Amino acid sequence: NIFDEVPAMISTKLNELMENKAGYTILLSHRPELFDTYVSCGVDLVLSGHAHGGQFRLPLIGGLVAPNQGFFPKYDAGLYSDGGTNMVVSRGLGNSIIPLRFNNRPEIVLVELTAD
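All residue numbers for the sequence shown refer to this note's numbering, where the first residue is 20 and numbers rise by one.
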């Protein structure tokens, strides 16, 4: 199944791209659950979505279910940091298989980059 091979393919390609890293790197990714791969490849900033905020959000718990992450997804919305890698996961505007959101407002995320 090609979908089972995707994480390894992404890791291989990212490592190839990052070999000659000369500056700040920004990755636009549809797979927030691969955050550990992005960290190990040395990506500076990941902009992601796909999780729809967990579709249904429970107070104090977070998202209930997200594509490719299953129940109680780890990367459903917000900012995640590990070492020098930051990932912003947007809840987005749409829905997943179920055309309904609960306690999960649609959002557009604005990221402003500034020089140090």
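Since the hints were made in silico from the structure, they are not lab data. There's no promise every hint is true.
If you anchor each label on the Cβ, the simulated ranges turn out as follows [said to hold, decoys possible]:
no., residue 1, residue 2, range
1, 125, 40, 39 to 47 Å
2, 80, 102, 33 to 41 Å
3, 80, 40, 32 to 40 Å
4, 118, 35, 37 to 45 Å
5, 59, 121, 21 to 29 Å
6, 41, 121, 22 to 30 Å
7, 34, 79, 36 to 44 Å
8, 31, 80, 18 to 26 Å
9, 32, 130, 20 to 28 Å
Keep in mind that this is a model prediction, so the values were computed, not measured. Think of the CB as a built atom: it goes at the ideal place given N, C-alpha and C, for glycine as much as any other residue.
How the hints compare with the structure:
{"no.": "1", "hint": "125 / 40: 39 to 47 Å", "in the structure": "violated, 34 Å"}
{"no.": "2", "hint": "80 / 102: 33 to 41 Å", "in the structure": "violated, 27 Å"}
{"no.": "3", "hint": "80 / 40: 32 to 40 Å", "in the structure": "holds, 37 Å"}
{"no.": "4", "hint": "118 / 35: 37 to 45 Å", "in the structure": "holds, 39 Å"}
{"no.": "5", "hint": "59 / 121: 21 to 29 Å", "in the structure": "violated, 35 Å"}
{"no.": "6", "hint": "41 / 121: 22 to 30 Å", "in the structure": "violated, 45 Å"}
{"no.": "7", "hint": "34 / 79: 36 to 44 Å", "in the structure": "holds, 38 Å"}
{"no.": "8", "hint": "31 / 80: 18 to 26 Å", "in the structure": "violated, 35 Å"}
{"no.": "9", "hint": "32 / 130: 20 to 28 Å", "in the structure": "holds, 23 Å"}
In terms of the numbered hints stated before, the structure departs from hints 1, 2, 5, 6, 8, listed from lowest to highest.
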